[in-house]
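K.L.:
Heads up: the protein sequence lines correspond to chains A and B, in order. The numbering of the first sequence is our numbering, which starts it at 1 and goes up by one. The numbering of the second sequence is our numbering, which starts it at 1001 and goes up by one.
Source of the hints: derived by calculation from the structure; they are not laboratory data. Misleading hints may appear alongside valid ones.
With beta-carbon atoms standing in for the labels, derived distance ranges [unchecked claim]:
| no. | chain 1 | residue 1 | chain 2 | residue 2 | range |
| --- | --- | --- | --- | --- | --- |
| 1 | B | Leu-1036 | A | Lys-196 | 25 to 33 Å |
| 2 | B | Lys-1133 | A | Asp-297 | 22 to 30 Å |
| 3 | B | Leu-1088 | A | Arg-163 | 40 to 48 Å |
| 4 | A | Thr-327 | B | Ala-1113 | 34 to 42 Å |
| 5 | B | Ala-1044 | A | Ala-200 | 53 to 61 Å |
| 6 | A | Thr-343 | B | Arg-1103 | 33 to 41 Å |
Glycine included, every Cβ here is placed at the ideal spot set by N, Cα and C.
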Amino acid sequence: MNKSINRRDFLKGAGVLAAASALPVSMVELVFADTTQNFSFAYISDAHLQQIKGTKFVNNWDRGLIRAVAETNLLTPKPDFILFGGDLAQLGKKAELDHGAEILSALRGNKVYHVMGEHDYYLDLGQYWETLFGPQYYSFDHKGVHFVVLNSILTYDDWTYKRWPTAEQRMLEMADLDNPNGSPFMVGDKQREWLKQDLAKISKTTPIVVVSHSPLQKIYKNWNFWTDDAEQVQALLRPFNKVTVLYGHVHQIQYNQIGNISFNSVMSTAWPWPYPSTYAQAEQYLPKLTVPMNRADPFFERDATGWQFINMANGNVDMRYNLFSNTSRTVAFNTKTGEPEDTVFQSPDKRIPPQTQY
Amino acid sequence: MHFEQLKFAVLWIVVTGLTGVLSAPAQADEFTQADLNRWQEQYAKVVKDGRELWTSSKLGSNGVACVQCHPNAANTHPETYPKFQKQLGKVAPMWEMINWCIRNPLEGKALAADDYKMIALQAYITEERRGVKLDPGKH
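The following block holds chain B by itself, in its conformation from the complex (with noise of 0.2 Å):
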């Protein structure tokens, strides 16, 4: 036997004892119809959380909502992410612009990158600009 034969024999060894180990592993490729909707119900209900945060004053302290400025979610490019920023004087992603919003127009205090809310806002403003083309560094 040459030396290339017996590594993947030993590879063929070592993989068959495994899956004798573990009883019925789903393979990456099983994933249901029920799965499917699953993770689409969970995206839509980011998003429609994104949307109501969107449309109401929760997120800063004078009343003033997102939407206001932004109907749909308009004017945002998430698209253009990550870009130049002349406000903050770098490059950043979205959600830095976004607490610049919080923080500035709605006088609120900015979240944590990986706060719900932040998430849910994102998912909103991407879902409004679906099918659009990525153009990052872009104004």
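So here's chain A without its partners, still in its complex pose (with noise of 0.2 Å):
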């Protein structure tokens, strides 16, 4: 294959001058002989906006947006799209996903595609976000790829339906991480069965990208870093040559290799959450091949928080994660081995003190 790798400031322009200095916006582009194959897009997700009371709403969360949303502007090239992966509202109130909403409309001129996550669904299952976003599953073809969107929140009816008395109530049984009232997450039957239907149209060397809230894998279930269903999931996956997840929902980078599905986490523009791994009393299965992200300063409000810009040049997608305040990362598919990988930090000699701290 003929390609060649040129570096490429992302910020043009004077005016941007003086952000360029404090931003980690910087990008390696691979470019392909047929430029026309090259498109990558930027990914937000998990932003949790809280409301406090009337039009006030918790101040850390909201800043993680505004800012994710002032960097995609800046970008250049432009992300073909942007997609928001999910947990836009903490207890999926109206007020929560307008003010979403109305923060991610200062994107400029970039189609949004979304995501539903548990702290958008449980309060109205879904009703009050699908009048704003659209349907909560659905399929779009982009320059040669399928892309695939799915609500993996979902659980059983008898959960759902009949166990608690209020929808406030059953919102915040959700909400809560660590919640043995809680129930694992799901594609379920119907989605499944649709999502059999709309891959039967596509050919198996048309590279696949499927985007759900929940990683569509079993990591953690007590923090439903899980999907109950993901075997049944990934079986439909199979039969295509090249398949990317991308999730939210872990607020931590994660990757992973199964067969020939490749997982790809995002980051949380609101707050990271620990690696299953740092709580004592249970077995957690974080995926071997993933390095755990930077925590430098936690004492930083921004720390281990961010977005990524997703290039998928090649049919699998590299992620370049823009870390606040620290270097960025890239996790790039590295077709030698067929795996992500960790493009600096993946042998364990190479690791610095903040990705091995407990």
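Put the two chains together into one complex, using the hints given.
P.N.:
As structure tokens, then:
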């Protein structure tokens, strides 16, 4: 394959030079012989906008999303589109979803695709979200890649419809990550049937990108870093040559390879979550490939939060994580090993102290 | 009688004299299963109250709860305190760090070191980290 690597500055114009020194936005772009096939998209996720009262919202979470939108607007070349990975709201309230839609409306000239998160869903089962952002699951094609957006945060009917006296109580029970009253996430029979029919029309050589809120793999059940029918969803994806699953929810950098399927997480703009291994009382299955993200300064409000720019030039994704107040990280698909890998820190002897902090 | 022997005899008289005054004193090793149960219940109650504070928004003013960033109190590392805290600029015990979190992300009022709520929070955090070896000063 005829390709060269060309480093470009992602910010342009004298007006943003002052910002450029403060923002970690720069990018390596893979340039292919057939440049029409190159494209990239930005992924913002897990804003958790939380209403205090009236027009007052929690400042930290607001600032994270506002900053992600501002940085996305500074990108050049512009991403083809933007994905929002779910959990725009904290408690699914109209005021929170409206506030999020308003902040995101400042994104300039880009189509935004939305993913359903459990914090957006369990108050009214997604009704208001749908009026703002459209259907809860759908697919679309872009430059030869088939994108599928799933609502992966559904659970048993008994839990959803019968267990709780009020919708508010149901929302609060699902909002707590370590709550034993919670329930595992799943895609569910109906949506899997839809997925099967959607994929039936697609050639096996078409690159597939599945976008979901929860991981579509089983990492840690106690915190719902888990999708209960993951194996059944994976079975539908197995016949395709190039499959990538992108997910939010975990508020940390994770990546994995199961058969032909690459998994990459996206970060949160609100707050970071610990790796499950820091909880001493239960077993967890964090993928061995994953190099933990940098927690250099937990006292910096944006530490270990961020958003990422994704390149799809080779049919698999390369993730460029923009880490505030930290060196950016790239997790790229290595075509030789057939696995995603951290381009700098994959080898254990290359790790830096904050990545081994527990 | 040698001097050493004399001292022993005097002590013996004092001790037996005292026990004669106090009627049937409890020996240090005479606590019962009921005592153990009571102590365990008291501890479990404080841990439970700590968990309740941890998952509620009562400690702050903006509706944020500790559990949002720290599910199961993970990433709090009680076994590493006292340690240097960058934002305080000194070596600090855990309760000072808890107050930092209450004041900043939770926008609440700091608690006194011996406030029942502070004790309950520390009991809950430490209970979730049981079994991990002490490693003071480490990050």
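K.L.:
If a hint holds in the structure, say so; if it doesn't, say that too.
P.N.:
How the hints compare with the structure:
Range check, B:Leu-1036 to A:Lys-196: about 59 Å between beta-carbon atoms, so the 25 to 33 Å window is missed. Checked against the hint of 22 to 30 Å, the pair B:Lys-1133 and A:Asp-297 passes, with Cβ atoms roughly 25 Å apart. At about 44 Å, the CB distance of B:Leu-1088 to A:Arg-163 agrees with the hint of 40 to 48 Å. The hint said 34 to 42 Å for the Cβ distance between A:Thr-327 and B:Ala-1113, and at roughly 38 Å that hint holds.
Take B:Ala-1044 and A:Ala-200: their Cβ atoms lie about 55 Å apart, and the range 53 to 61 Å holds. Taking 33 to 41 Å as the suggested C-beta distance range, the pair A:Thr-343 and B:Arg-1103 conforms, at roughly 39 Å.
Against the hints set out earlier in the document, a violation occurs for number 1 only.
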